[in-house]
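Single-letter residue listing:
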Amino acid sequence: MKVEKLNVLVCDDDPSIVEAISIYLEQDKYNPLKAYNGLEALELISKENVHLVIMDVMMPEMDGLKATLKIREKRNIPIIMLSAKSEDTDKITGLHFGADDYVTKPFNPLELLARVKSHLRRYTELGSLNTNSHVLVTGGLELDDEAKQLKVDGEPVKLTATEYKIMSFLMHHIGQLFSSEQIYENVWNEQSHAVENTVSVHIRRIREKIEINPREPKYLKVVWGIGYKIEKY
Amino acid sequence: MDTKSKNIKYSNTSKFIGFIICVITIVSFIGSIVYMGYNEDFVRHRKFEDTYTFRSEYGKVIGNVLDYYVDLVSETSIQEKYKDEAVIASKIRDYQRIKKMLEQNVNVLFQLKNLETGEVISNIPKDESNIDLESMDAFTYYVNEDINELNGMFSYNGRIELLSEGKYELKAAVRSVYQEGDELFYKNATFRIIKSEMQYAFVIGVIGFVMGMLSLIYLGMVAGRTAPNSPIKYLFMDDWLLEIHVCLMLLLIGASGGIISTYDGIDETYYLFTAIATIGTLNLIFVLSFVLSMIRQIKGKRLFQNTLLYKGSSKVKHFTGGLFKNKLFNPWFFAVILGYWLITLILFVGMTDGGDFGGFLSFVLLVILNVFVLRKIYNFLKSLKHIIDGSAEVANGHHINSLEQMRVSDSLKELKQNVLNIQVGINQAVEQALKGEQMKTALITNVSHDLKTPLTSIITYVDLLKNENLENPKAVEYIEVLNDKSYRLKHLIEDIIEVNKASTGNMSVKNEKINLNELLQQAKGEFEVKIQESTLDFRIQEVEQSVYIEADSNMMWRIFENIFENALKYSADNSRVYLNVEYNHGMCEMTLKNMSKEPLDILPTQLTERFVRGDDSRTTDGSGLGLSIAQSLAVLQSGEFEVSIDGDLFKVNIKMPLWNELKNAGINMDKK
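Protein sequence lines correspond, in order, to chains A and B. With the first letter of the first sequence counted as 1, position 136 gets the number 136 in our numbering; the numbers rise by one all the way through. With the first letter of the second sequence counted as 1, position 623 gets the number 623 in our numbering; the numbers rise by one all the way through.
Keep in mind the hints are simulated off the structure, nothing from the lab.
Distance condition first, Cα-Cα at most 27 Å in a straight line; then the derived DSS-like pairs of lysine-lysine: (1) A/5 x A/29; (2) A/209 x B/490; (3) A/85 x B/435; (4) B/510 x A/91.
Isolated chain A, as found in the complex (with noise of 0.2 Å):
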């Protein structure tokens, strides 16, 4: 299948960074394109069809976070946002900026491109999303009711009946939190028992499947200490 190769820009004002993911993105049949400072990036953008943009925050002539801006004025395109800082207010900065993502230093290259993938299909495929009402949908994320179903960022994902019905519960319920045992009770329609850790189990599980990196999950949010819910986008 012939497919036209998608622009990504890669900003950053560590050559060795930029040709590093430069290389990657080629790997996986992307077209990259560089720049080493926000200036730069805004030129690219004006001149050529960039479809996705990872920039660094730290940059001379001018930041990830103003080209950010500036590039929010016009175009409506997906940012990867790079940073070495990682702290919660960083993330919400960033994103606060128009950032879709947050990516800390030192990442692990196989986790950006996924994020890279998800936005782009996300990004290309965007007018094709279901809009059924048995389709729920949050993010990249689509529970069909009817086929029994479940898609992140149009990919199909397998899940077991128990770990669908969990996904089909909470979908059902977006934002709004669960405990273990509300969940169990719920899903297997009968009382828990205190130190079975079914629910938690399989929570990982599923997280290991639709999340990029289960450890910061994106959609299946760990509460500690008081339950789990779907994050709501």
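Mind docking chain B on chain A? Use the hints.
Okay, now just chain B, sitting in the frame of chain A:
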């Protein structure tokens, strides 16, 4: 030779001998002076007839002659002449006495001629009747009141008046060679003895003076020295204060005088002289030692310092100076107390002696005065209490704003200010320490962030290398090592940043209602794979659904994550890991126990310190920060975290406060 003579000069023996010589010579000198002074009359006159002794004796005889032959004459003539019986009796007694004395006289020869009758009374013996009075020594011729003085002799005697009527003519003289029998003979003999002794006494006196002066100069020179210009060596009496020393001396001299005065009644001059000489010598010894002591102290330049006056004044100065320096005991304070005493005294006197009105007035004034004084004292004590409370606050590390505005007695203002200053000092020190700690944290965090960017390149390029087709199997192996270590470095940096944040309290803590059962289930679920992959058996105690603790959700997870990781990493193969939960005193106590793989030769407290691990090797994964992070996080949440070791049994004890519905009213995390 020279030094030897000097040594001898300064030796104690020389000094002692010098002292003795000095005493002896001075005593001799004084003795000779006393001798000469005592016998001054004889010493001064070359001829016996010139001495006052002779004259008075001679005059006495002349007087007696006149009394006897001119005035009294006989007992019958007395009775005729005087009327009064008592006078007669007295005159008769005189007559008898004079008669006896005239009978003793052998050396004064006289001729008394009655010019009216021509009768001559003389004591010139018959065999010497040819004697010529006028050619004899001390011839005296008396007529009327004109006194013919021959040889410059004069001997006044009141009885000469008896010749005023011009009836008698008296010629008198002494023998050239004194005959034994009367006073004049003995006096003359004494005179001659003294005249012969006199020169010796004079020589002794002069020698005594010269020797005494010389030995005194010598003693003065060597006093206190053991060698020329040596430091002064003091004797015991040098430590006596000057005033006491002087008093002692005066006392001794006074006592000596007293003792000598008791000899007053004793006629024996010999005893008197012996007593005076002995006591005088003792006094001299004492005075001499005093003088030498003074010399030593003057040489040592401490004479003035060694006085009661100086010591006393310096002590008083020190004492009063110390008191007056502080405002509490300024001169006013004493003035006020004195004034209070004085006024009270006056008022008491007024109360007793002031009559009805004065007494009542004094009483009222006394009451007013004491109410005033008591008020002052009350204020003083109140101020003191404020300051004590304030200083206690400072000691406990609290801030005291209240003391600043508090009004205190004037005398305690300084104390108050000092307490406030101490607080300022403490605050500054704490601030500085805090600032330093913050700077350190910032530095570590910044450095860690700076490490991240190059590490990103390392990780990505190692990954790229892995994807290259490498034919050399060793290269593949090396790349794998690089991959592992670069990820370990990543974890290490992340942990450093986290422990830094946690240990400095640079984290916001949320107070959440955490269901312990849920947390334990979630944790076990997360670790399910790892537990199954290990040979360990995790035994987690069943916890009731209704147990809630007050904690920060994410922090609690990090704590459990770390202690589970720790147990997985360091437990002995095929051993059991226990997690028990207990509740007491509003706290939930969770204890994790596992058997260590390696012997733990380490203090439990060290395990929670940063970068410390049970094993000394640093090759295994883990940053060594896990327990330290967990402890910091527990403390941040007002919990406790304790590690203990019992042989190979490793125990982690975590205490977290149980959820208190009353305390956290309004916060409800349960969204049921």
